[in-house]
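Taking the hints into account, I'd like the entire structure generated from these sequences.
There are 2 protein chains.
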Amino acid sequence: MNVVEKLKIAIIGYGNIGKYAVEAVKSAADMELVGIVRRSGEVPAGVDVPVTDDISKLGKVDAAILCTPTRSVEGYALQCLKLGISTVDSYDIHSTIYELQMTLDIAAKAGGAASIISAGWDPGTDSVVRAIMLASAPNGLTYTDFGPGMSMGHTVAAKAINGVQNALSMTMPMGYGVHRRDVYIETQPGADFEKVKADLLADPYFTLDETHVYKVDDVNTLIDRGHGVNMVRRGGAGKTQNQFLQWKMSIDNPALTSQIMVACARAAVKQQPGAYTMLEFPLIDMLPGCKEDLIRKLV
Amino acid sequence: MNVVEKLKIAIIGYGNIGKYAVEAVKSAADMELVGIVRRSGEVPAGVDVPVTDDISKLGKVDAAILCTPTRSVEGYALQCLKLGISTVDSYDIHSTIYELQMTLDIAAKAGGAASIISAGWDPGTDSVVRAIMLASAPNGLTYTDFGPGMSMGHTVAAKAINGVQNALSMTMPMGYGVHRRDVYIETQPGADFEKVKADLLADPYFTLDETHVYKVDDVNTLIDRGHGVNMVRRGGAGKTQNQFLQWKMSIDNPALTSQIMVACARAAVKQQPGAYTMLEFPLIDMLPGCKEDLIRKLV
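Quick note, the sequences are listed as chains A and B, same order. Using the numbering used here, the first residue of the first sequence is number 769, and each one after it goes up by one. Using the numbering used here, the first residue of the second sequence is number 769, and each one after it goes up by one.
Keep in mind the hints are simulated off the structure, nothing from the lab. Take these hints with a grain of salt, some might be off.
Each pair may be met inside one copy or between any two copies, as identical chains are not told apart.
[Unchecked claim] Below, simulated DSSO-like cross-link-like pairs (lysine-lysine); rule was C-alpha separation at most 30 Å, straight line:
| hint | residue 1 | residue 2 |
| --- | --- | --- |
| 1 | Lys1065 | Lys1016 |
| 2 | Lys776 | Lys1065 |
| 3 | Lys828 | Lys794 |
| 4 | Lys1016 | Lys1059 |
Bear in mind the structure is a predicted one, so any value in this text is a computation, not a measurement.
See below:
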């Protein structure tokens, strides 16, 4: 076998996902972490790779893993693609994924790089499983249950309520696509919990679902990164009914998200210029090693 | 939207899988069943499409679904590919899948068609799930449990034992990749069941697994096409351990196999000439409808 050069990977953003992405890249024998990009440019404790405030200062980069908040994805992706650097993001606003793809597709083709968007577990591997289920049983219903696990969006919404010191919103699967919200609230000194609770229940983020609000002394003792999914489809294949398919996971949320993004970075550099969701490239491209070995092992 | 011509599909072989493939093609709004190819050329009861002994007599065919015994796949695929007809098979001899791919890849490129091999549920969608699991948690173990369900290979082996009138070999999942064989035997008049049982237990097909042999009066009353899989992986993502992923199905075996083959026929005509396993093409290509709608719905 030839000696193959390692993929040069940069990580943009050093929050929860970024920290795990560093571990996942370092654990990949076919990758080299060339640096971390942070707005502040500050070197976090324990980091032994270059840290910069601009990816163009890192030298040659094959792919950048965008671990920024979802709203910043487009800007960073456009910058990378213009520099000819492939990108992977975990953009998770389902209603505008296609619009992001169209925007990044033009930039990717112009820059001669590839962009894999909405890579993670949902959107991401769950999307792939939904496609497999639909192909296997074209008529029927798919239900996706999430959790129990922390909802970032709902937690942020709860923290924004007047009188809230700290909050945790848990997504509780009640079965077949229905979810309950369990919200744990630490109030600010002097705040009236009943008022906080009423305001929260009236917030558009919480009016759609059954929501339980609990007063606690210390939210931080309740936080766990565990999450999960239980997706089921019962449907017909041809004229045959009652095919049952199920996908289940119990996972550390940021660790799994970043691991899938790292696998997609491997895939990104193998694609023709353009932007792709996880449904649109061959899944073997996510895996290290030679094609023959992978086919013999997995197929 | 433009009016798109329907895909012209032929089915080769009219056994268990072939019959269900007819139903799946007829249920697909974007496909037209142009004919069935059988060695005998005989028209089976209830069939309302042309039946022939040679695919070249059917006029234009975009893709052929090979529902023949696995050993006949290569011959039929080579004939189709030479005619420029894309093929889908469910070749299931795991140890020689890569060799089949190499042979058909040359023929496909020469004929200007695509061949999707080993399409079904295992090999097939299970192979895809194994790839997703490996990408999600690179370090760890994946276990695949099959059944309970009928094993075609072991049933044929049991029927070949001297003194056996009819037989059914069931694959029983004992957990984490270990399987038991439950074999139901109808003996020929005058045959000694104890001798039959001893011969069966000494057959190389059955020596590797715990095998139970039962004497029954009528094997046919025991046969059900139901089957299933339970695949689990526990592994590490980056430095984070204890990620748990699971894929489970309870299905009508030939109906699911043929449905997945039909979805792969849709994918085959979209690929560049060559031979592909299900790991090697974008899974969105299996689905009917426009890309934008699919991405909005599934991702």
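Comparing the hints with the structure gives:
no.	hint	in the structure
1	Lys1065 <-> Lys1016	both (23 Å within a copy, 20 Å between copies)
2	Lys776 <-> Lys1065	within (27 Å within a copy, 34 Å between copies)
3	Lys828 <-> Lys794	within (18 Å within a copy, 53 Å between copies)
4	Lys1016 <-> Lys1059	both (28 Å within a copy, 26 Å between copies)
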